[in-house]
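Kindly produce the complete structure, drawing on both the sequences and the hints.
Protein chains in written order, with the numbering used here: chain A, 1 to 161; chain B, 1 to 984.
No wet-lab data here; the hints were simulated from the structure. Don't take every hint at face value.
One-sided and incomplete, this derived list gives chain B residues near chain A with beta-carbon spacing under 7 Å [stated by the list, open to error]: (1) Cys164; (2) Trp165; (3) Ala268; (4) Ala271; (5) Pro595; (6) Val658; (7) Pro662; (8) Ala666; (9) Thr742; (10) Ala810.
We put the CB at the ideal spot given by N, CA and C, even for glycine.
Listed here are the chains, written in short residue letters.
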Amino acid sequence: MADATVAPRPPEAQWLLHCAPADAATAGAALGVTLGSAMLRATAGADWHALHLAPDEWLLIGTAGAGPGAVGVAHALVDISDRSLGFTLSGRDVPAALNAACPLDLGDTAFPVGTCTRTVFGKATVMLWRTGDSVWRIDCGRSFAPYVGALLALAVEDADA
Amino acid sequence: MSRTPFGGRIDRSRTLGFTFDGVTYTGHPGDTLASALLANGVHLMGRSFKYHRPRGVLGSGVEEPNALFGVTRGPGRFEPNQRATCVPLVDGLVVESQNRWPSLAHDAGALNDLGAAFIPAGFYYKTFMWPPRAWHRLYEPRIRAMAGLGRPTSDSDPDRYAQCWAHAEVLIIGAGPAGLAAALAAAAGGGRVMLCDQDEEMGGALLAATDETIDGQPAADWLAAALATLAAAPNVRLLPRTTAIAYGLHNLVTLAERRTDHLAAAEAHGARERQWQVRARRVVIATGAIERPLVFPNNDRPGIMLASAAQAYAARWGVRVGARAVVALDHDSGYRAAAALADAGVAVAAIVDSRAAASPALVAEAEGRGIEVIAGQAPADTRGRMRVTSLGIAPVDGDRVGPPTRWIDCDAVAMAGGWTPSLHLFSQSRGKPVWDEARGCFIPSRSVQAETSVGACAGHFDLAACLRDGWAAGGGSGAAPRAQPRADAGTSVARRHVEGTRRRAWVDFQNDVTAKDLRLALREGFRSVEHIKRYTTTGMATDQGRTSNVNALAIAAQQLGVGIPEVGLTTFRAPFTPATFGGFAAYARGALFDPVRRTPMHDDAVAAGAVFEDVGQWKRARYFPRGAEDMDAAVARECTAVRTAAGLFDASTLGKIVVAGPDAAAFLDFLYTNPMLKLGVGRCRYGVILRDDGFIYDDGIVARLAADVFHVTTTTGGAARVLDHMEDFRQTELPGMRVWLTSITEQFAVAVVAGPRARDILAPLVEGLDLATAAFPHLSVADCTVARLPARLFRISFSGELGYEVNVPASHGRALWAALLAAGTGHGLTPYGTEAMHVLRAEKGFVIVGQDTDGTVTPDDAGLGWAVGKAKADFVGKRALLRPAMLEPDRKQLVGLIPVDGTTLAEEGAQLVDAAAPTRALGHVSSSYRSAAAGHPIALALLRGGRARIGGTVEVAGLDTAANTPMRIVAPMFYDPDGGRMSG
Numbered sequence: 001m002a003d004a005t006v007a008p009r010p011p012e013a014q015w016l017l018h019c020a021p022a023d024a025a026t027a028g029a030a031l032g033v034t035l036g037s038a039m040l041r042a043t044a045g046a047d048w049h050a051l052h053l054a055p056d057e058w059l060l061i062g063t064a065g066a067g068p069g070a071v072g073v074a075h076a077l078v079d080i081s082d083r084s085l086g087f088t089l090s091g092r093d094v095p096a097a098l099n100a101a102c103p104l105d106l107g108d109t110a111f112p113v114g115t116c117t118r119t120v121f122g123k124a125t126v127m128l129w130r131t132g133d134s135v136w137r138i139d140c141g142r143s144f145a146p147y148v149g150a151l152l153a154l155a156v157e158d159a160d161a
Numbered sequence: 001m002s003r004t005p006f007g008g009r010i011d012r013s014r015t016l017g018f019t020f021d022g023v024t025y026t027g028h029p030g031d032t033l034a035s036a037l038l039a040n041g042v043h044l045m046g047r048s049f050k051y052h053r054p055r056g057v058l059g060s061g062v063e064e065p066n067a068l069f070g071v072t073r074g075p076g077r078f079e080p081n082q083r084a085t086c087v088p089l090v091d092g093l094v095v096e097s098q099n100r101w102p103s104l105a106h107d108a109g110a111l112n113d114l115g116a117a118f119i120p121a122g123f124y125y126k127t128f129m130w131p132p133r134a135w136h137r138l139y140e141p142r143i144r145a146m147a148g149l150g151r152p153t154s155d156s157d158p159d160r161y162a163q164c165w166a167h168a169e170v171l172i173i174g175a176g177p178a179g180l181a182a183a184l185a186a187a188a189g190g191g192r193v194m195l196c197d198q199d200e201e202m203g204g205a206l207l208a209a210t211d212e213t214i215d216g217q218p219a220a221d222w223l224a225a226a227l228a229t230l231a232a233a234p235n236v237r238l239l240p241r242t243t244a245i246a247y248g249l250h251n252l253v254t255l256a257e258r259r260t261d262h263l264a265a266a267e268a269h270g271a272r273e274r275q276w277q278v279r280a281r282r283v284v285i286a287t288g289a290i291e292r293p294l295v296f297p298n299n300d301r302p303g304i305m306l307a308s309a310a311q312a313y314a315a316r317w318g319v320r321v322g323a324r325a326v327v328a329l330d331h332d333s334g335y336r337a338a339a340a341l342a343d344a345g346v347a348v349a350a351i352v353d354s355r356a357a358a359s360p361a362l363v364a365e366a367e368g369r370g371i372e373v374i375a376g377q378a379p380a381d382t383r384g385r386m387r388v389t390s391l392g393i394a395p396v397d398g399d400r401v402g403p404p405t406r407w408i409d410c411d412a413v414a415m416a417g418g419w420t421p422s423l424h425l426f427s428q429s430r431g432k433p434v435w436d437e438a439r440g441c442f443i444p445s446r447s448v449q450a451e452t453s454v455g456a457c458a459g460h461f462d463l464a465a466c467l468r469d470g471w472a473a474g475g476g477s478g479a480a481p482r483a484q485p486r487a488d489a490g491t492s493v494a495r496r497h498v499e500g501t502r503r504r505a506w507v508d509f510q511n512d513v514t515a516k517d518l519r520l521a522l523r524e525g526f527r528s529v530e531h532i533k534r535y536t537t538t539g540m541a542t543d544q545g546r547t548s549n550v551n552a553l554a555i556a557a558q559q560l561g562v563g564i565p566e567v568g569l570t571t572f573r574a575p576f577t578p579a580t581f582g583g584f585a586a587y588a589r590g591a592l593f594d595p596v597r598r599t600p601m602h603d604d605a606v607a608a609g610a611v612f613e614d615v616g617q618w619k620r621a622r623y624f625p626r627g628a629e630d631m632d633a634a635v636a637r638e639c640t641a642v643r644t645a646a647g648l649f650d651a652s653t654l655g656k657i658v659v660a661g662p663d664a665a666a667f668l669d670f671l672y673t674n675p676m677l678k679l680g681v682g683r684c685r686y687g688v689i690l691r692d693d694g695f696i697y698d699d700g701i702v703a704r705l706a707a708d709v710f711h712v713t714t715t716t717g718g719a720a721r722v723l724d725h726m727e728d729f730r731q732t733e734l735p736g737m738r739v740w741l742t743s744i745t746e747q748f749a750v751a752v753v754a755g756p757r758a759r760d761i762l763a764p765l766v767e768g769l770d771l772a773t774a775a776f777p778h779l780s781v782a783d784c785t786v787a788r789l790p791a792r793l794f795r796i797s798f799s800g801e802l803g804y805e806v807n808v809p810a811s812h813g814r815a816l817w818a819a820l821l822a823a824g825t826g827h828g829l830t831p832y833g834t835e836a837m838h839v840l841r842a843e844k845g846f847v848i849v850g851q852d853t854d855g856t857v858t859p860d861d862a863g864l865g866w867a868v869g870k871a872k873a874d875f876v877g878k879r880a881l882l883r884p885a886m887l888e889p890d891r892k893q894l895v896g897l898i899p900v901d902g903t904t905l906a907e908e909g910a911q912l913v914d915a916a917a918p919t920r921a922l923g924h925v926s927s928s929y930r931s932a933a934a935g936h937p938i939a940l941a942l943l944r945g946g947r948a949r950i951g952g953t954v955e956v957a958g959l960d961t962a963a964n965t966p967m968r969i970v971a972p973m974f975y976d977p978d979g980g981r982m983s984g
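The following block contains the structure:
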């Protein structure tokens, strides 16, 4: 029996922020979270986690219903709280389960805690975020959630090496 | 019984039962099907492909060409063409022989053998030429009935298959002595190490070792200790029963792990196979070598096998392959096989060494065991029908061997023809094999990827060298495991002419290719090894020529008077051994074959009895039949409801993108043909996107929410590619623009309310917005509240009626749907599907990109010239539109068609022709529907020079013998031409 459990994550606020990398520090100060840090790493502020998914793109994750305030630089800020559904995965065998359909190296060196990235899980585009040593988040477009959930269930079944 | 009283790696404490062609036999855990059959004295295991000659097992591993069976592992679990040498014995296995009728011992197909002189290589090409008509009716069906091995199963595979990706610092392929030494060294290095081996047990040649020692221990003890060390290492993953089937780019190696075939049904849980995609920083190939048979007349009788196989059956499986064996060899390794046979209690009648000067030490050792060594002679013929009974030998005279001068009685012949390194994976890694004349084999040359070939697959056939080689490749420090060095020699490769006119010497056992066939091909002028291979089919069987390729090359080289490298080597292609379809498909079957996407309101449509259609991955409601309605009736009712009252439509699948930033307007102005700079805030515009080549790529609505924020829609199918297209231009062509793109397709659920009563239904639900036309005219957008839900409301129309599109966050989709339906009670609000939507828009002449356009249609062709901003300095596709060919008046243009008889529905996709000259296609019907509003069928079509022909007629060509349908050519507009209904 693999050490991996899958549970749907609760609703949350998700806003996608784009701005020029040079303006990231200013925008981050306005939002109360450090932006412009290393690519594919998540930072945490008072209200928001900021997941640096592209050079000019941060996914802000906060409590359901929350909305960010003024940013103060040229930007795009779009509410995508309903765009995705997601699952929380826990256990030592989560990387093995994810690797059933995700080609990335999910080892501690290549994918340490705090890493986040867009990738694929089977035939779905997903966002993967390692929030703890044995805790992971996988988000997908909401219409892909039944597919991702069913594939995850099989992957967990097969993950006991 | 042929089982030795003790010895081998089988578990004699347990007995397993199985049946072969209906006869029950027993074996032990650790047996393969081949070793169990041999232990029961069964040597006749198959019939050859072409001549149906009786055949026994030749090898003991993946090289086996003869012993192919249909194997049933339980209900629905039948597989043909399984190599007996690779099938682990489990209790209850049901095995059937192949390519024989009525039975293996009495096979009618053996008549082919008597007529062999009439079916030489290439006989198909020569014989079945005449008369030409006979090919289809007679020859091809007959040949097809004869062809093929085994019977396919028609059962659905009840097993489950898994896949996974893995990353490793070192991947070692093959767990023989070289691979194990590499793994031990790499494990100590600390990185992630994967060691896979195709066999049931790890150990490779060590599993059949007799007297070898490593680091002073017997080889079997060292093997056990090494495997225990590796199993205990946290950074090492051991994958037994796992074949590396493909070596791709950037060290991506595909492994096929067989997880349950070796288990009894009750113990088999989970996926039957797992296919691994391993990305390795370094790959160590330690795939070993395969022994070559000797080519001599009638070398294919049951009981004649590779010396390494005979040794393995004795040492690993405790099976005597005969009571009295002859070992015929070109290579010193045959002496060890002879010793192993003697140790197992097989009487070795003689060692026939083709070389004049055999190694004195080896000869002395053999003679010490009482084995006669006959040097300077070679096999020249055999006797025996279902089992070899004697071997004829003759002196070697240069490159010829005459008729037998001496016959030796025997029931087994072990052939040691030297070794062929398994270069398949090295070759797949794009490395080039080179011929090594001293060792008599191809060996790997320079590595192309981060790869090292070690041990026997690199031409090192000495245990001590294998261990050193592997240890070094694994990055080992300190001393490598040590073994007694040996200097095995032997280089001869099948260069002797041995057959007479009636005596055939087999080269490719499975495909029945003889040395004579190869020489015939060469006499007929074939020179390239690739042509010789295809003409004779040598090396083209399921064993891919593992035992035949080098012998065939040697014969070709000799005949042509050139060296083996000049003849060349055929290409090794993946998979290394046959792989299951299940492993490749894995999770992509049944409900998980492809994601099935459903809209937020899907369950409401189900409850309303919707019939769905697939639109890409989406399920969309096509129509909502009531009672006994068929599609036509339901669609007509839904259309009438929209035209006379109101309809409710789920448009959630439309692509939606937020384009935002200070340069958003300029960006959209460049991406769309339409002028976008002056689009007012709160206003919408229909827009067309072209590719660079000027042809329509997508269309949709561009809505300005704020000076620097736009909400654009795309077609359902275009959602992903339009975002990619925009992102491509944003990043590569317009990197200076401060504009960003966010997909919001799935953020919103979208409900369309369309029809003359739309405002009456919607207005009571809306807060914060006046829906009166004066305040919120056609082509407006605003954020507001609908049914107490936060909403973005568009007034747009794809039906030609007054229409609103309500966007709410997707989680509120069902609440919105319910509120609208409730509000529509008493107004005749009717859910409608995609089919009615198609009819309604066609009545208005609105195109659907991908249906009425096909990638060769310009805006002007589609009647959308008005949407092209003539004054714009530039936009994507502008220059292409100025090419002369794009401006020709005779281009295919969108027109409307109405049947002259007023009733006949044109076939979508049908060609358009002139009645006077019905041979030239003038275009085709792109959309065709029955229209309740028009009172007759309508069609949209792309017609050459169409606009100039309006008022005339054209014919829709009938298929085959069906009559053509005359159509009146009209403007593509069948309803409310001045648009008063949607803008009023």
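Comparing the hints with the structure gives:
1. Cys164: Where the cut-off is 7 Å and the nearest Cβ of chain A is about 5 Å from B/Cys164, the hint holds.
2. Trp165: holds (5 Å)
3. Ala268: Hint violated; B/Ala268 Cβ to chain A Cβ min 14 Å, cut 7 Å.
4. Ala271: holds (6 Å)
5. Pro595: Holds - the Cβ of B/Pro595 comes within 7 Å of chain A, reaching about 4 Å at its closest.
6. Val658: holds (5 Å)
7. Pro662: holds (5 Å)
8. Ala666: Where the cut-off is 7 Å and the nearest Cβ of chain A is about 13 Å from B/Ala666, the hint is violated.
9. Thr742: Holds, because the Cβ-Cβ distance from B/Thr742 to chain A comes to roughly 4 Å (cut-off 7 Å).
10. Ala810: Holds, because the Cβ-Cβ distance from B/Ala810 to chain A comes to roughly 4 Å (cut-off 7 Å).
Checked against the numbered hints above, the structure breaks hints 3, 8 and satisfies the rest.
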